[in-house]
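Number of protein chains: 2
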Amino acid sequence: MKNKLLVVGTMAYDAIETPFDKVNRILGGAATYIALASSKFDVDCGLVSVIGADFEESDLKILQDLDVDISGVELVPDGKSFFWSGRYHDNMNMRTTIDTQLNVLENFNPIVPLSYKSAEVMMIGNLHPRVQLSALNQMEGKPKFVVLDTMNFWMDNFRSTLDEVIAKADLITINDEEARQLSEEHSLVKAAEKIHTMGPKYVIIKKGEHGAMLFGDGKIFIAPAFPLDQVIDPTGAGDSFAGGISGILANTDAINFETLKSGIIYGSVLASFTVEQFGVKALLAVTSKAINDRIEKFKSLTSFEWNDKQKNI
Amino acid sequence: MKNKLLVVGTMAYDAIETPFDKVNRILGGAATYIALASSKFDVDCGLVSVIGADFEESDLKILQDLDVDISGVELVPDGKSFFWSGRYHDNMNMRTTIDTQLNVLENFNPIVPLSYKSAEVMMIGNLHPRVQLSALNQMEGKPKFVVLDTMNFWMDNFRSTLDEVIAKADLITINDEEARQLSEEHSLVKAAEKIHTMGPKYVIIKKGEHGAMLFGDGKIFIAPAFPLDQVIDPTGAGDSFAGGISGILANTDAINFETLKSGIIYGSVLASFTVEQFGVKALLAVTSKAINDRIEKFKSLTSFEWNDKQKNI
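Residue numbers (our numbering), protein chains in the order written: chain C, 26 to 338; chain G, 26 to 338.
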């Protein structure tokens, strides 16, 4: 029996402009990237999301072909799918949102299918905390492990609902500025300590091109981003990262600090492929061999020996 | 016989303001931090610098007590020492220079003492490229290994002289934005490749709280910054880092990618102590045991195992 991974999040179309190229309408959304990333593992992944009548049959088929269960994806017949349009600047670290059309997302009431109410791992993508909480409350008891993603917008505007969700999460993934905002601490070490007291036993701080930090069990693990010759489209990097982590967690019996470390490495490697092409293209195409090769390289990037002569100084 | 390390750089007094505290006049300067950091190693370190009549006897004694040779430090009897004053903002990553008084630095003509003209390792701190070049040209042949530090100001205003210096360096240490400026490449992988063609076989890109990257011999090594509960004063972090690297290099017979990796770890650990107190205080006081403890912790921060089950996905 495979473990079940329930993913709650957006499915979308994106228009993306970078210094190199431009696309008008490609498959996107957090849940899409998370499901594609976690499908690299032998897990039973189910999606809870919402789409409009404009959502392409062929895009749903991409997920179905990977055995992703889309029975929890609500189709609103007279609605349009969530649409996001953005522009990346020269340095690829900054982006400007040109347009956000919530469309069917505006009145989204997630329905968790019966068969996923007892999923071992629940990955809640960046959404309105009200929606996140509603999905969580439909689960039969508390899932073994809940991963939560969120962002500064919800901290600014819906903090009390967000705090309720955070209290139920085992792992929260946020970026460094969000960690500082959430905790009101500048040091990321102190920020993580404070966030632990809000609920999550584990905290992953995402730093984009600077990598990620994991805090938990009194320990810290730091991983760089995989260094690349060129970044083509950063969209979906964070969600591919979260999907890799969720995939590892759902594929593991014992979830602990070491499993989370593996999750970070795997998620970082998947994200490194994602950003090398527009949209989900590279994530879809990448082979197990290519992934494992990059994981081996990852090891050599950070490992070092401290020899005895140096020790005797 | 100890190997010789020649350090060329500034000695200064600093006035520093942080969100926590303020000091009006404390010992500073790149050469000071570099010499103090490298003195943790069994090397014969000589300084080339310039000071004014206001330079405290007790501050020179700090260096002499650590067997740093200060015969190359010129005293200008009617001059004042280089003075820098700056303020760190809330996030400690940004600083504003309030005042820079070059004073004796303005007409600095470095004189390398005869006994250091054949130093094995030469560490050239951030200075006017003209001064850096003058010191380099006084060496008897090319030193075994030349480490060069510089910054964007010299790239903006004295690029052709700077290029001459860079051509003679074996290792250059710059931050990420400077690497991008110098190479006109955004990807740090490509930036390092381009900088190799300008001279340096090795490139270290400093990213402050995000750590450092080493490029050379077709390989990449990435180290995080040591995570701290609190940063009190970031002044001197980069120079402590460079000093740790120079100390390791001068203490090693074979300088290669592995030695440089050790240098980065050692330099990062020294920098992590430096920033925990104002000025040189923590760097001076830190014991070998405390350094080695932190190096051990450093290892556990980044090492990971990739187990067989995961490999079989």
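It should be emphasised that the hints constitute simulated quantities derived from the structure, not laboratory data.
Every residue, glycine too, gets a C-beta built ideally from N, C-alpha and C.
Each hint should be verified, as a subset may be incorrect.
[As the list claims (entries may be wrong)] Below, a list of computed lysine to any residue pairs in the SDA-like style, where the Cα atoms sit at most 25 Å apart:
1. G:Lys226 <-> C:Gln255
2. G:Lys215 <-> C:Lys244
3. C:Lys322 <-> G:His221
4. G:Lys244 <-> G:Ser140
5. G:Lys324 <-> C:Asp318
6. G:Lys47 <-> G:Lys167
7. G:Lys226 <-> G:Asp254
8. G:Lys286 <-> G:Asn151
9. G:Lys219 <-> C:Phe45
10. C:Lys322 <-> G:Ser328
11. G:Lys86 <-> G:Ile316
12. G:Lys169 <-> G:Gly224
13. C:Lys244 <-> G:Asp254
14. G:Lys226 <-> G:Asn162
15. C:Lys324 <-> G:Lys169
16. C:Lys215 <-> G:Asp242
17. G:Lys286 <-> G:Glu301
18. G:Lys169 <-> G:Lys226
19. C:Lys244 <-> G:Leu253
20. G:Lys322 <-> C:Gln255
21. G:Lys306 <-> G:Phe108
22. G:Lys324 <-> C:Phe45
23. C:Lys324 <-> G:Phe329
24. G:Lys27 <-> G:Glu165
25. C:Lys215 <-> C:Leu253
26. C:Lys324 <-> G:Asn317
27. G:Lys193 <-> G:Ser140
28. G:Lys314 <-> C:Ile245
[What the hints assert, rightly or not] Distance ranges between label pairs, derived from CB positions:
29. C:Asp67 <-> G:Ser325: 27 to 33 Å
30. G:Lys86 <-> C:Met176: 51 to 57 Å
31. G:His114 <-> C:Arg50: 38 to 44 Å
32. G:Asp115 <-> C:Glu283: 31 to 37 Å
33. C:Gln302 <-> G:Glu218: 44 to 50 Å
34. C:Asn49 <-> G:His114: 54 to 60 Å
35. C:Arg50 <-> G:Ser328: 27 to 33 Å
36. C:Pro102 <-> G:Asp181: 55 to 61 Å
37. G:Lys226 <-> C:Leu100: 34 to 40 Å
Lys86 (chain G) paired with Met176 (chain C), Cβ distance criterion 51 to 57 Å: holds (54 Å)
If you draw a straight line from the CA of Lys215 (chain G) to the CA of Lys244 (chain C), is it 25 Å or shorter? With Cα atoms ~34 Å apart, Lys215 (chain G) and Lys244 (chain C) exceed 25 Å; violated.
Within 25 Å, alpha carbon to alpha carbon, are Lys286 (chain G) and Asn151 (chain G)? holds (22 Å)
Distance restraint evaluation - Asn49 (chain C), His114 (chain G), Cβ atoms, bounds 54 to 60 Å: For Asn49 (chain C) and His114 (chain G) the Cβ distance comes to about 41 Å; the hint is violated.
Taken at face value, is the distance from the CA of Phe108 (chain G) to the CA of Lys306 (chain G) at most 25 Å? Judged against 25 Å, a Cα distance of about 18 Å means the pair holds.
Please work out if Lys86 (chain G) and Ile316 (chain G) have their alpha carbons no farther apart than 25 Å. Holds, at roughly 24 Å.
Given pair status - Asp242 (chain G), Lys215 (chain C), alpha carbons within 25 Å: Not OK: Lys215 (chain C) and Asp242 (chain G) at ~38 Å, beyond 25 Å, violated.
Would the hint linking Lys314 (chain G) and Ile245 (chain C) be met if the CA-CA limit is 25 Å? holds (21 Å)
Does Glu165 (chain G) sit within 25 Å of Lys27 (chain G), going by the straight-line distance between their CA atoms? Holds, at roughly 18 Å.
So the hint says 34 to 40 Å: do the beta-carbon atoms of Lys226 (chain G) and Leu100 (chain C) match that? Violated, since Lys226 (chain G) and Leu100 (chain C) (Cβ atoms, about 59 Å apart) do not stay within the stated range.
Given the hint that Lys322 (chain G) pairs with Gln255 (chain C), does the C-alpha gap stay at or below 25 Å? violated (33 Å)
Hinted pair, alpha-carbon criterion (25 Å max): Lys226 (chain G), Gln255 (chain C). Please report holds or violated. Satisfied, since the Cα-Cα distance of roughly 22 Å is no more than 25 Å.
Violated hints, in rising order: 2, 4, 6, 7, 15, 16, 20, 22, 25, 33, 34, 35, 37; the structure is consistent with all others.
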